[in-house]
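So the protein sequences, as listed, match chains A and B.
According to the numbering used here, the stretch in the first sequence is residues 1 to 581, in order.
According to the numbering used here, the stretch in the second sequence is residues 1001 to 1584, in order.
Among the hints, a few may not be true.
Unchecked claim - Computed footprint of chain A on chain B, listed as stretches where at least three residues anywhere in the stretch have a Cβ under 8 Å from a Cβ of chain A:
| hint | region |
| --- | --- |
| 1 | 1068-1074 |
| 2 | 1078-1091 |
| 3 | 1202-1211 |
| 4 | 1219-1231 |
| 5 | 1338-1348 |
| 6 | 1440-1446 |
To be verified - Cβ pair distances, simulated, as ranges:
| hint | chain 1 | residue 1 | chain 2 | residue 2 | range |
| --- | --- | --- | --- | --- | --- |
| 7 | A | G375 | B | P1393 | 26 to 32 Å |
| 8 | A | R241 | B | A1074 | 21 to 27 Å |
| 9 | B | R1491 | A | A109 | 24 to 30 Å |
| 10 | A | Y347 | B | R1491 | 23 to 29 Å |
| 11 | A | N182 | B | L1024 | 35 to 41 Å |
| 12 | B | A1129 | A | A460 | 38 to 44 Å |
| 13 | B | A1129 | A | Y347 | 37 to 43 Å |
What the hints assert, rightly or not - So these bits of chain B aren't anywhere near chain A, every CB distance computed over 10 Å:
| hint | residue |
| --- | --- |
| 14 | V1017 |
| 15 | G1304 |
| 16 | T1308 |
| 17 | H1376 |
| 18 | P1422 |
| 19 | R1469 |
| 20 | P1481 |
Honestly, the hints are just simulated from the structure, not real lab data.
By construction, the Cβ of each residue, glycine as well, lies at the ideal position given by its N, Cα and C atoms.
As a plain string of letters, each chain reads:
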Amino acid sequence: MASRNTHWQLFAEMLRPRRRALVGLGLIVTAASLLPLAGPQLLRAFIDRAVAGAALTTLLGIAGAYVALGVAAQVVTVGSAYVATRMAWTATNDLRERAAAHALSLDLAFHGATPPGTLVERIDGDATSITKMFTDVVIKVVMGLLTLVGAVVLVALEDWRVGAAMGVFVAAAIAVVVALRNRAIPATTEERAAYAGVVGLVAEQIDGAEDLRALGAGEFAVSRHEVASGAHARALRRAWRAAADIWTATTGAFALGSILMLVAGWALYRRDAITVGTVFLLFQYVQVLRRPIETIAEQLEEVQRAGAGATRIRRLLDKVPAIAFAPRARLPRGPLPVRFDNVRFAYPDDGRIVVDGVNLDISAGSVVGLVGHTGSGKTTLARLALRLVDPTGGAVVVGGVDLRDVGAADLRRHVAIVTQDVQLFDASVRDNVTLFGASPVDDATLSDVLDQLGLGGWLAGLPDGLDTELGGGVGLSAGQAQLLGVARAFLRDPGLVVLDEASSRTDPVTAELVEAALDRLLTGRTAIVIAHRLRSVDRADRVVVLDHGRVVEDGSPAALRNDPTSRYRRLLALEMQGVSS
Amino acid sequence: MTAAPVHHNGRATRVGVGLVRADLRRYLLGAAIWAAWWAAPALIGLLLQAAFDAVTGDAAAGLTFPTAIALLVAVEAGRLGVFFSAFLVWARWWARMQALLRTNLLRAQLASGGEGAGRPVQGAGASIAVFRDDVQDVIEYVDGWVDLTGTLGFATVALVVMARVDLALTLVVALPLVAVFVVTRVLAERLRRVRLADRQATARVTGLLGDLFSAVLAVKVAGAEDRAVRRLRELNAARLRTSLRDKVLEQVLEAFNSSTVDVTIGLVLLLVAGQMRAGEFTVGDLALFTSYLSWLAGLPRWAGLVLTRHRHAQVAVRRMARLLPGDDETQAVRPRPLHLDRPYTPPTLPRAATPAPPAITLRGFGVRHPGGGGVHGVDLDLPAGSFTVVRGPVGAGKSTLLRGLLGLAGEVEGTVTWDGEPVTDLAAHFVPPRAAYVPQVPRLFSATLRDNLLLGRQTSDGVLAAALRAAAFDADVAEMPDGVATVVGPRGVRLSGGQLQRAAAARALAADAAFLVLDDLSSALDAATEQQLWQRLLDAREGAHRPTVLVVSHRAGALEHADQVVEVHDGVVTVHPVGVPDPA
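With the rest of the complex left out, here is chain B (with noise of 0.2 Å):
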């Protein structure tokens, strides 16, 4: 982690000062039953030495101590209500908050194109990160604002109640708060690496375990049982080393920071055991010093802990910027209605109608890959209804240019026109009703397969098991235990690699698009499933839509059917008509 860059120091500001306001009136309603929760200590502070000095009598014209007593009690008690509503208040902001960073992030990840589209991030691993980490820390930080507001006030009525009682003696205990802020920024950083190092070696035992577990197989083999174990055995003393480095800074940080209380409560008496033997300073005056510097001496903590959070802020607003539209970080706070407070159910898109089947061409239409490769001047004509088949080596670019076709593979060049007319952004432009996709290696979630097949589309029982049986796929879904209620995905019931295939293709072909793409449908289908499929997918294009169908396959099964040959080699496309022989 290197210090951000100075033009971005605004940025994490930006966000917080954005988050404020997408819910202002709970954030300010939240950020003032807090202040008054800060600002009770100052009052208790003042009733214990009211209280101190009723007891021995130095009360001028002050409280009774019952009266004084009375008043605490009230003031601890409204304390407890104070944090009480303000828990109450801030859980729902906090939720609310996580939610809105999350779902503005995830719309510009999930758009199909347009102006809120962010850039596609590669890596759903570190992309998760964003979502559950840096989320948390810019809320975490504009959190903090409230707490050092509120620290800070109190800070200021103390010193000024304390300045009365004793101008010099305030300025003298004031000193050590700041120099106690200055060595624990200093430790902090010092424990912030010690915490690294310690982390690096605790992932060297893992990765070793991990290791081990991985080749167990080579590792018992090879009898080196005895040497792994001594090898872990290294690296637990190395870990042990960092532990230990560790926890004990992390306890000189956390001594200072007690001390600091002690060691300022031992100035008062230094200084003013001349004025306490003159009766000039009363028991009560030392109660309130000993009450306000134990909660001054939290300050330094606080204002750095809000440090700390700023710093990762910058981080985390940088992070979250990469996946929104324009690099963008403010687009993370837009504010947008949730549905939060009781169970939700999202609305069923209503449906459009199907266009007709579209003549869609390609002129000198290219692909740049980040890693070279890709596709390049591609002159392509897909005319209405017709069938063509895409087929080549592995790697040779075929699936890089269907995706490239449906705006799914970045960085594009050249013109695809749609009937004709120009299309501009091809994200957009080739989603349901006019265009579905099955991809070479499809993703169901974790949800009902009615859900996944439909994707919250209204569609009719009939439409669903029409493409069911379409997609070779009905006699799979009478044998799962719930039909098409059962739950799929990562967390459901696991789908072979061919029930994958025919589920996409069950999906794709549910959306009733005016155009089908299909990227190696194939793979993992033996022959006899394949024909059945390609078979039932022929005799649905009979009916009244006969779409536009570009497929990605190998198979004699849809060469037979081919309107067109597309050949990609290396990126290069030759077109053939219908009827050229089979080059095997």
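The following block holds chain A by itself, in its conformation from the complex (with noise of 0.2 Å):
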């Protein structure tokens, strides 16, 4: 029940700054529903003038209004779904940009957890099914019910009778088709888990095709499909069954309707109570009644799929962020030193210690490489000077300042990271390295920028220069993504850089080009390196070996190297086999 109420307040939130434009879409959607209801109206009044032998001008002037009110009907329909559409993706995509920037603002961890296809899921799926629940919902459910209820009345004004039993009987038949839907529910479900099955299998079989083809396994995979497909098979014939149900019930219902209608009109006629066109009019509203009575239905569903959404949308709203900013002090200009004070981390999620105890002085301008095995705590201790985790205990004091003071545009405008995987955007080559503008720099500094590191070739040969676009047919190679990258980093002049050295695939020319640029970088700035593989920590100028999250050894790299006891010289040892063989 609590999410129940927290959808719909999430609708609200949404809808509250929409009242205007909500009041005009009830005006449209009324004249669209009832419109329709006048075509049974001129009929009577055209067939029992046509009997009594009225003027042929006044039986053309009726026909013509009946054809004018149909096409309006359509018309006013059209606007309806205009406005609504309008209105629903202007409210979900209010919603869309709030939880993508929630969902940015959250930790690390929170992200390590949520692949980015889920996110993605949460934020415009998600999303999407509300868009469609407005749409469709204000489109069908609610001018489906504003006709029956408009029909039920002017029934009633012929007959009250006849009305009262048309409104119990559209109330049945509703209830009934709902009721038809929810006991469906379950058999379609399992219908598409039985297809989801089929299609899994099917994926893994060809994913693994070689590995059947290899060891004559094909018929032993194929008779295997055979038995998901019976499965599949049953489950659509329960499903298939339990919408003739549902069909059967609908349409026996509106079929019974129309006949005792005509009964009911016959009757009245015999009693001179009403005239053979009212007679007519009563049986072409019962001919209204079946689209909305079985839209009605079909939306109940749509409507708990954008309940379940919402709710999972809100979810991802409530989530706090682990870090908050605060900025109480700020960041000087230039190379700044770092300072690792007692720090501890565990993970909150299962208190396993990560970093535990480090104390490290890094000064200014400094090149200082972190070693070890996965899990060594290396990348964490990274990550801490980055501040996108905060230590458990102890602190991290850049230039300083403890981080936890220093507010989040001075932090990114400080320390920056390099990886040397680069993820790349469907963008331009502008919004790519300023990230969208994140650093907001002008045409010539960019171009300038990217020829000191190496890619001012690259840059001339692009067909639309700093405007083409990324990822789509212009490709970059994995070294000229790596000097993007540094590009990025070195568009903000940091005090601090992070560098995540990972395995290196470039071709030996760009891999000296990145170096380069890396050196460039480096220049005049305090850096943390982290190795993964010890000939990139060449360029510092202390080694800092971690193992279980403490310090094991710190250095020079030459003086670590010609220690014959050192761990980092077995590393070195163990690594260099590693490469010949």
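With the hints as a guide, dock the two chains, each given alone in a separate frame, to form the complex.
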């Protein structure tokens, strides 16, 4: 029940700023649902007057009005679709933006545990189900209900008993169809699951086709597909059976209603209570009922789906970011000294300790390489310096300021990271380097920086220069992407750079360019290098070896290399072996 | 999606006819019931006419009102029954045809050589769309034939009945239907384009979101969150425009179809006004016309739908053909018994006797790679029961050589003999119990470990246990929740890279083949485990059969036991006899 409240709350929040549009929508929807009800009235007038032998011009006038009304009703319906769609998309686009901004503010632990695909589904998929609900529910359900009520009222005006009976009949029909639909949902869900099972199985088998072919197991795989297909065939039959129940009930009720109305009309006509035109009118009003009754039942499912989507988005919006920024001090300009002050870090979910009392003083402008096995804590240490996580004990002090006292904009401006896996966006070169303008620079400076970093030739060869869209047709080698990553950091002129060097797979020429670019970037700045390969600490002034979250060795690369007992030397020997194999 | 070349036009129809033939009885039964269902409205219209004429007393020698109503009740009840049974017959037909198409496609893709083997497709993602969407498209197309026939049948009856009431009037109201059909086609084509644009706009939004969350570290560290959301806002605004266009056009199309009823009824009113005054056109006739016209208004839509489905089916059939032997789309509808009606347990396949370890020779053997490279001019002898190690740098063509020999790597040249006999169909020949293979990146399926290892073949528990032991996988299995009954694969227990390779080795060993091919078993194993694996594998060779073995390996463990070493370098192969000093 709590979730029901939260999703209605979210819907209300979305619609509140759009109250005026909502009123307009209400008006146009009312017009669109009531206009078709005038048709049978015109038909009656036509029949009764024709039978009574009225003037031909009167009859032609009524016929003309009938055509005009039919067209007008459709025009208004299109108009209401436009208004409803527009409102639904603007409201849910706001929601998408809000949810995306919120998701970006959440910490890396959240992102590590939530695949990008899931977040896309949450932010766009769930929002789209809400969009659909707003448009379809508004257009179909509200219009359907208005039409139903209108028809019942108009029939009651002719004869209140017939009207009352029709009202009861409509309510009962809706109740039955909704009940049947709810009963059908498990069968439909089961069918979808069985079909997903078949498709999943085929996907696995095609993916592993070579194994199956090589092992002569094709027929075995085909028979497993037959087993899954059988399960699906039976589930499909149950689901269709349930759908047939619904359809039969709707059609049966509707046919019964039409016939009963004919009988009622006949009885009233025989007592001279109504004209033959009115018999026709009563019959026509039953024909109007069918579509609304069906669509209302259909749309209830859509509402449920949107409700579930809204609840999930709400849950995302309610997640509190682990890192809160409260600017109390400013970082100085120029190279920044870094001090880890008895820093400890344990994962909040399982309490696993990753950094266990690290004390480290990094002087301004020096380059420190962090070395250690996977899980030794070197990546976490770097993330602490970027304040992507907060220490659970001790403090990280950059430029003499506790990082927790630094504002977000200030921090991001002065502390940068360069990774070797550079994710490119489907956007222009400019947006890719400045990250959609987060680093405000003019085009001349931008071109100059790219030129300095060795991308000048590449840029000159692009069809639209800085406006060239990346990701689509324009490819980038891994090395060029790395250079773009360096440029991203370089543009902000940071005082501290974290360098995350994964194993690189670039050709020698580009590798040299990347090395040169990195040298340029690190000049006059403090740098922490996470070295996955020991060769990459060559540029470090100092190497810190970590093991199980503690500093176990600390010294210049040369000193550690020459110490026959050092762990660093052992690691180096191991790596050399690995390379030659 | 471009239009199909002219000579392809018949392909969808051919497959459609094949599909009808594949289960002719059920299709005809279904079609007959659906025809009855479509015919019912013709009767309903006539009975309504009779009922209204009875009310006004215009029925010259017609039915009385109570009779008309009773018949109406009977027809409606019959129609419901017909619908219900049609649905049940059709559900069986539908599921069976889906399964048939998928089975034939799957068989072609998984066949180990032979006539029934299709060209293996690259990229599982794209071919899944064939199994899921294209199969659906073809069935919907054939399903549409039934509806179109029914609708046309009804239309013919309705037009004849109406013409007998008033020929001129019938012609006039039939004309708008043609106009609606044409306009609907034009609008539908436009809608298709608008929808495509909308889908692209959506892809840009989801693409940006996906990129942002994949690169969340870069975005956060650059403080680019606000800018990123601003970009999202731009893309959202663009999608708002495409969505609006889509929705409005869809509604226009819908409105166009709905207003047909009103416009044609209005036309009838205009034309019959004079006759009705004179009593020549009765209220019953009007009821007949309004009833028929509301049904006929759906005709252009049905016809349009079938045309759209035909176009989809053309694309679908072409894509299916690529997976089938000889690019022959009719292979997709080859009849084949299917066990779908009740839960089915496939029989275990009998075990063929393992032949003696073969002597294999390759002469002028080569594999052409689509993107260049490959291996060429290989002359190699694998004596019966020998152990041959293949080595060489990354990308030299070691795996290509192995896969080519097994018939897994596309086009090959040269000759391969097995105990002196030339092998013509490599893929069909190199399967258990003759050969077994451990790929570099093996795949397991979502099934029990036992099913994964035996792949439907009868095997004693002893053989399975021996294979697990020889592959050094027994300790891992002992730790699994249900032992060999543990469900593994994508939807089961996840195995580590090393476990996966050992499982694949156990799978190959359980096949008890005369020729074993192993591609770089050691890349995901640590030295100790690898040593254990080689030792047990070699111990197992000391038994009754000493299979001929061909392995890719760099490790000393394998080289120690080698009878010969094959060096592959840039697709060129050199063979070193036993005892060659280690180059390292």
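Outcome of the hint check:
no.: 1; hint: 1068-1074; verdict: holds (count 3)
no.: 2; hint: 1078-1091; verdict: holds (count 8)
no.: 3; hint: 1202-1211; verdict: holds (count 9)
no.: 4; hint: 1219-1231; verdict: holds (count 13)
no.: 5; hint: 1338-1348; verdict: holds (count 9)
no.: 6; hint: 1440-1446; verdict: holds (count 5)
no.: 7; hint: G375(A) with P1393(B): 26 to 32 Å; verdict: 31 Å, holds
no.: 8; hint: R241(A) with A1074(B): 21 to 27 Å; verdict: 25 Å, holds
no.: 9; hint: R1491(B) with A109(A): 24 to 30 Å; verdict: 27 Å, holds
no.: 10; hint: Y347(A) with R1491(B): 23 to 29 Å; verdict: 28 Å, holds
no.: 11; hint: N182(A) with L1024(B): 35 to 41 Å; verdict: 38 Å, holds
no.: 12; hint: A1129(B) with A460(A): 38 to 44 Å; verdict: 40 Å, holds
no.: 13; hint: A1129(B) with Y347(A): 37 to 43 Å; verdict: 40 Å, holds
no.: 14; hint: V1017; verdict: 23 Å, holds
no.: 15; hint: G1304; verdict: 18 Å, holds
no.: 16; hint: T1308; verdict: 22 Å, holds
no.: 17; hint: H1376; verdict: 22 Å, holds
no.: 18; hint: P1422; verdict: 20 Å, holds
no.: 19; hint: R1469; verdict: 20 Å, holds
no.: 20; hint: P1481; verdict: 21 Å, holds
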